[in-house]
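Protein chains: 2
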Amino acid sequence: MRVLASEIKRIAAEGGGEEVEVSGWVHRIRELGGITFVILRDRSGLLQLVSGEKPDLTLESVIRVRGIPALNGKAPGGAELQVKSLECLSRAAAELPYPVNGEVSGIGLEAILDNRVLSLRNPKIRSIFKVQSTIIDAFSAYLRSQDFTEIKTSKLVGSGTEGGTQLFAVEYFDRKVYLAQSPQFYKQIMVASGLERVFEVAPAYRAEKHDTPRHLNEYVSLDVEMGFIESEGDLIELEKGLLAYIFGQVKTKNGDDLALWGADVPDPALVAGAPTVSHEEALRIANVEAAGTAARSARIFDINPEAERRLCDWAGREYGIELVFVNEFPRRYRPVYTYPLDTGGGGASSTMSFDALFRGLEITTGGRRQHDYAALLEALPKFGLKEEDMADYLSVFKYGCPPHGGFAIGCERLTQKILGLASVKEASLFPRDRKRVEP
Amino acid sequence: MRVLASEIKRIAAEGGGEEVEVSGWVHRIRELGGITFVILRDRSGLLQLVSGEKPDLTLESVIRVRGIPALNGKAPGGAELQVKSLECLSRAAAELPYPVNGEVSGIGLEAILDNRVLSLRNPKIRSIFKVQSTIIDAFSAYLRSQDFTEIKTSKLVGSGTEGGTQLFAVEYFDRKVYLAQSPQFYKQIMVASGLERVFEVAPAYRAEKHDTPRHLNEYVSLDVEMGFIESEGDLIELEKGLLAYIFGQVKTKNGDDLALWGADVPDPALVAGAPTVSHEEALRIANVEAAGTAARSARIFDINPEAERRLCDWAGREYGIELVFVNEFPRRYRPVYTYPLDTGGGGASSTMSFDALFRGLEITTGGRRQHDYAALLEALPKFGLKEEDMADYLSVFKYGCPPHGGFAIGCERLTQKILGLASVKEASLFPRDRKRVEP
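Chains as they are written, first to last, in the working numbering: chain A, 37 to 475; chain B, 37 to 475.
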């Protein structure tokens, strides 16, 4: 009966001196005065094996070992195993193309991604995905607690909801379809279906040519849509509850993983107090912040990456958390289905929309959607869209649709910012960018 | 403050006679002796609204209503709302192309799918996806309780792990990639990464030309992979625990949904006792079963759909549950990475593989995988595969990989069989088949 590395200290402390069995990978081998120390790695952590004989092992080989647990304050985890027998289950080639047990900081991103099969074995790199697993679980659990239903929608669509640009084409039997940029259309159908509150965790695709630390061509979208809201304010409240819960869960479940990155999750109690500023106000703040920096760069007219950083710095200073909600984006920045903000002055130039910025990066875009059939019909041509191309979408609104809205959180961006990773690509198991489609 | 239809009875019973607000869709309108009865539908169920005035409403319009709750044993849910004021939030067109409040049994599958935007509003059709949401949640929760980590892997791959047939091609910038048939390769990388136990819930694609009640070209695959197993028997035990938990959760959380379909979930306590029979034995049983039926159809040489039905009938009769695990499939039926069964006679013609059959349908394929690099290299040419095309995949095994295996459950098939749906397409929100890519 196999036990885990993390259990050895407890077993040693309980005494008894009985043999136990462990299994895992050979992480490190060291010889000292006729004694061989092998560091074994399993899913729970590292364990020192001590042997009087010199086993014939290569790094990364998979072994099964029987031995006697013993306390040792100097060993990783505070205990070690005195080896009685050792069996090699899978022998690794002697020359590793990637140093699994090396320091991550010394290796470039391209080398990490080129050797993904091996680099994921590094405990620090692997820890990113333990945190991501918690994020996905917490996202789902919180929304279920708020009476949301999980949905799974098709990723093969006839056209894009954003107007058909930046789509990857798929050869589907004798016709062409596209990979969905978002489940927008389907989320709205499902709100109008009467489920009212839905969420989806699924891949989304953007055929953008940028290759930056902010972009992925395939990413995991954490999507939410909710009926019977009044404004984007209801959505911001929901996202605050959600983020506070996610931060709390990561803090509780991933303490060791956070420690590997020296990362610090925001205090969940501070999330509710994160500021919401209008797009106009956000630009003003970003420019004031600019004036205070040494760079004194050019005036900011747009919530660009530089503005995102400045706004989060400002929020961190003023509110103790680097999280800002920017709402009321001008019409021209948002898709056709965005609900207008009635500013009382006739002709809505602003919208019930928002972005969430966290630690200098936009992690969410959302807003209330237009649910009025006539208003949608009228808006289409202004966005270069044709009624006949959107018959299915429009029918949602033709036959009764509640006021509603939603948002999406980029899973890899949230993971990146929680851990302080330099590039979003580090937070994708098998990232896809313009050049990279393997492994 | 909005309350739900399902809360009205409790509020009426508590008395107080205060006005409450409800919102939802107009499900049905009936007039009787100067009184108008409107059945309101919201995410929690149906509610009768009673009004002395005749509101100007169309079916499926979305309304907000204020009124006084009152007990009424004859109304749906045992209570009704006496209307004080009614506001129309979204007026539906008078002519509905699909009868939302009609009997599902009277409408053909093509009409249901052609009108998906409206047919999903029918409470019985929508209930399928409430059950599916529970299945996904239970699958994830059970595996997390067993120390599995959730992963999200790329759906864009350079080639297929099954040998490259039946793949949909994607135009990815200036090259061609394919939609993944399964996360097989990635699950194995993640076991070998040291996570050891992983699961994924994600779309999978098969470019099969069949159009049958068993097939979807895009489906949700519930994938599991686990290190340090001895044989497929460990996987069958895991799947039994998983299915018992899923059945229990659906029973607990979806009683109303099951009732709409007259569906009966198997007793979770019976799952552990479901039989495992070898492929050879399964054929024998299927043929004995055939002899006992009126059809007396031709001899069965393969676990085809007819054999799947007969085996499940047999298990239902003998073990009280229509669930059978068939293991030890001959080599020729399984992919290259399947681990051979050492039958002691030299030259393994059988494998450590299994299928799970439930209520007459294969819902799972799985098995132990070959983890030995040399053995994999030797097997490749027999399956028409080339070493150089699979360098990334092979490197998993070259550098130390534990004995491991896994399986995948088809989410739509499991949903279909729990509810007794005639076609798997009914269990997909937006099914994709040879002819259908919309909505």
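For the record, the hints were derived by calculation from the structure and aren't laboratory data. Bear in mind the structure is a predicted one, so any value in this text is a computation, not a measurement. Possibly wrong hints are sitting among the right ones.
[As the list claims (entries may be wrong)] Straight-line C-alpha distance at most 27 angstroms; calculated BS3-like pairs for lysine-lysine:
1. B:166 / B:45
2. B:120 / A:276
3. B:120 / B:160
4. B:166 / B:90
5. A:289 / A:166
6. A:110 / A:276
7. A:422 / B:422
8. A:287 / A:276
9. A:90 / A:45
10. B:110 / B:120
11. A:471 / B:212
12. A:45 / A:120
13. A:471 / A:245
14. B:160 / B:422
15. B:471 / B:245
16. B:110 / B:289
17. A:212 / B:110
18. B:212 / A:245
19. A:166 / B:212
20. B:245 / B:45
21. B:45 / B:212
22. B:212 / A:212
23. A:110 / A:160
24. B:160 / B:212
25. B:289 / B:45
26. A:471 / B:422
27. A:212 / B:160
[To be verified] Which bits of chain A does chain B cover? Going by a derived footprint, with three or more residues having C-beta under 8 angstroms, they are:
28. 209-222
29. 465-471
Glycine included, every Cβ here is placed at the ideal spot set by N, Cα and C.
Each hint, compared with the structure:
1. B:166 / B:45: Holds: residue 166 of chain B and residue 45 of chain B sit about 23 angstroms apart, inside 27 angstroms.
2. B:120 / A:276: Measuring from Cα to Cα gives roughly 35 angstroms; hence the hint is violated.
3. B:120 / B:160: violated, 30 angstroms
4. B:166 / B:90: This hinted pair is violated, its Cα atoms lying about 34 angstroms apart.
5. A:289 / A:166: holds, 9 angstroms
6. A:110 / A:276: violated, 43 angstroms
7. A:422 / B:422: violated, 49 angstroms
8. A:287 / A:276: Distance of about 16 angstroms is within 27 angstroms: holds.
9. A:90 / A:45: holds, 24 angstroms
10. B:110 / B:120: holds, 21 angstroms
11. A:471 / B:212: holds, 12 angstroms
12. A:45 / A:120: holds, 18 angstroms
13. A:471 / A:245: holds, 10 angstroms
14. B:160 / B:422: violated, 50 angstroms
15. B:471 / B:245: holds, 10 angstroms
16. B:110 / B:289: Holds. Residue 110 of chain B to residue 289 of chain B sits at ~26 angstroms (cutoff 27 angstroms).
17. A:212 / B:110: With Cα atoms ~53 angstroms apart, residue 212 of chain A and residue 110 of chain B exceed 27 angstroms; violated.
18. B:212 / A:245: Given that 27 angstroms is the threshold and the Cα spacing comes to 16 angstroms, the pair holds.
19. A:166 / B:212: violated, 32 angstroms
20. B:245 / B:45: violated, 51 angstroms
21. B:45 / B:212: The given pair, whose Cα atoms are some 59 angstroms apart, is violated under the 27 angstroms limit.
22. B:212 / A:212: The given pair, whose Cα atoms are some 14 angstroms apart, holds under the 27 angstroms limit.
23. A:110 / A:160: holds, 21 angstroms
24. B:160 / B:212: Distance ~42 angstroms between residue 160 of chain B and residue 212 of chain B Cα, so the pair is violated.
25. B:289 / B:45: With Cα atoms ~20 angstroms apart, residue 289 of chain B and residue 45 of chain B stay inside 27 angstroms; holds.
26. A:471 / B:422: holds, 24 angstroms
27. A:212 / B:160: violated, 33 angstroms
28. 209-222: holds (count 6)
29. 465-471: holds (count 5)
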